[in-house]
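J.: Whenever a hint applies, use it, and build me the whole structure from the sequences.
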Amino acid sequence: MIISIASGKGGTGKTTVSTNLALSIRNVQFFDCDVEEPNANIFIKAKIKEREDVSVSIPIIDKEKCDYCGKCSDFCAYNALAVVPGNILVFPELCHSCGGCELVCPREAISWDERVIGIVEHGRAEGIDFYHGLLNVGESQAIPVIKALKRKMGKSKNVIIDIPPGTSCPVIESISGSDYCILVTEPTPFGLHDLKLAVEVVRHLNIPFGVIINRDGIGDNKVEFYCKNENIPVLLKIPERKKIAHLYSKGIALVNESHEWHELFGLVYNRIKEEVDK
Amino acid sequence: MKQLTVISGKGGTGKTSITAAFASLAKNAVFADCDVDAADLHLILRPKIKKTMEFHGLKIASIEKKLCIDCKKCHDACRFNAIDVEMNLIKGSCEGCGVCAYVCPVEAIKMVERDSGFAYISETRFGPMSHAMLNTAEEASGKLVTVVRENAKKLAEEKKKDLIIIDGPPGIGCPVIASLTGVDLVLVVTEPTLSGIHDLERILGVAHHFDIPAFVCINKYDINLDNTKRIREYCKDKNVDVVGKLPYDTIVTDAMVHEQGVIEFSDGDLADSIIKMWNKIKKRLT
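Protein chains in written order, with the numbering used here: chain A, 1318 to 1595; chain B, 5 to 290.
Honestly, the hints are just simulated from the structure, not real lab data. Treat the hints with caution; some may be incorrect.
A few chain A residues that face chain B, going by a derived Cβ cut-off under 10 Å, partial list only [to be verified]:
| # | residue |
| --- | --- |
| 1 | 1328 |
| 2 | 1330 |
| 3 | 1331 |
| 4 | 1395 |
| 5 | 1414 |
| 6 | 1459 |
| 7 | 1465 |
| 8 | 1482 |
| 9 | 1489 |
| 10 | 1515 |
| 11 | 1518 |
| 12 | 1554 |
| 13 | 1557 |
All of these numbers come straight from a predicted model, not from anything done at the bench. All C-beta atoms, glycine included, are put in the ideal place defined by N, C-alpha and C.
T.: Written out as structure tokens, the structure is:
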């Protein structure tokens, strides 16, 4: 079963929920797909044992063969190639590696080189098979790193995925294929607004979902009204407590401090399993 | 004209609340919400939309099945696995490169515009605003960020404003880079948590990579004083000024519930700290 944890708005508690859930159940494979800012291992504390570069292909132009006809730059949808009089420029960070330039080149002047844009790391902790990806600083494309991570996914495990914030391409890439999605929100106007966007995404992808309300007690009760009206199950409420915020700030998972939370996250898992097995 | 981008790396550290507070302090500025994935600034600034523009991101393939001869050339050529073996398009995977249309021998595939969202020009009680909405599950948020910034620039020129305040998205990737290239200063809002510190280090790396001066603001500094100290030391080491230390205060949420900025809503310690921080930023930008 694949459970992903998403939110729309950043900082609502995705990592809190995904790591605590992972630490409450057995046979877990964990993926932190927030490759721009991965934080799950602060709580899981896996010893990293393996590292793998993530590379993308970029075109290399043979300037002996190139006659600057401009067909490649005309074709490129990403403006990664520019032909100026007597020269051709490649902008590797804009290239999506589609291969179009090579196809349209009439002089076979284009070959390919690999460029490293990030890494995937693997380790183990408390029985959790842990993976995360890191996009290199200054790089713009998270998708290839997320794809490399998802290739590591096993079938027989309880897969937990920490999804990046937002609603666009990295989110879709990370979340697609999930059996269930937990949307984490907070009871504030920003939380509600971005929850609605996240609901649109999971409905669009036809993934069953439920909500966890974090920092319960602040703001107003509009998130709960919304969930009730839309028939969205509220799986858990995590209250606003200084103690919880402090544990988070130190990188300590709730379930490692309190047996009660361990049980509560276990119940969330059981409820999801029932829903998915239906 | 100067440009300031408020970013954070980690989400939920308070970028938008701080941007909204700045909006009420800036006397002659344009506001741009570049978190086009999950835009929230409008919930406080309540803009009156004056102009709506359609936004088309990258194109998308459209397959005419009647013309298809089942040669599978498109399926084989697509590097994004966006065309399955039965020549169905997997919309979410298509990155609009056009390779399938190029290799199709019977012209059964066309590249068509996709409706990716809208860009808006608006007026708020504090000044003009440029913002946008990306449709559900769309690509090219970086491209839309660029549109929002271009619109903000035009607005600033037209209305003779001397500053653009940009609310940036979380992360360090494409939309973040589009939000900060070419600006005069970034303000990184962080929080004293291990996650906040980790993300601060990465986002400062991005600012450094693009050679943009950065200031740091430690929000909710009092939830962990040890970590606050660590951030100060780290910033000192990196030669980055910590221009603000804001206390944890539920006023932020209360103001949000009332659709107001913190400065409008209250005049306590938090408001004072924000005003002090704003004055340092203003000084740097003039």
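J.: Would you mind marking each hint as holding or not holding in the structure?
T.: Verification of the hints:
1. Evaluation of the residue 1328/A hint against chain B yields a held restraint, the C-beta minimum of about 1 Å falling below 10 Å.
2. Hint status for residue 1330/A: holds, given a least beta-carbon distance of 8 Å to chain B, under 10 Å.
3. Using the Cβ-Cβ criterion of 10 Å, the hint placing residue 1331/A at the interface with chain B is satisfied: the shortest such distance is roughly 9 Å.
4. A cut of 10 Å between beta carbons decides the hint on residue 1395/A: the least distance to chain B is about 8 Å, and the hint holds.
5. Annotation: residue 1414/A was flagged as interfacial toward chain B, and the flag holds, the nearest CB pair being 6 Å apart, inside 10 Å.
6. Satisfaction of the interface hint for residue 1459/A is found here, the shortest Cβ-Cβ separation to chain B being roughly 5 Å, below the 10 Å cut-off.
7. Hint status for residue 1465/A: violated, given a least beta-carbon distance of 14 Å to chain B, over 10 Å.
8. With 10 Å as the threshold, the beta carbon of residue 1482/A comes within range of chain B, its nearest partner Cβ sitting at about 4 Å, so the hint holds.
9. Interface restraint check: residue 1489/A against chain B, minimum CB-CB distance 5 Å, threshold 10 Å, status holds.
10. Hint status for residue 1515/A relative to chain B: holds, with the closest Cβ pair at about 8 Å, below 10 Å.
11. A least Cβ separation of about 6 Å between residue 1518/A and chain B falls short of the 10 Å threshold, and the interface hint therefore holds.
12. The beta carbon of residue 1554/A is not positioned within 10 Å of any beta carbon in chain B (closest approach about 16 Å), and the interface hint is therefore violated.
13. Nearest Cβ of chain B to the Cβ of residue 1557/A: about 9 Å, under the 10 Å cut. The hint holds.
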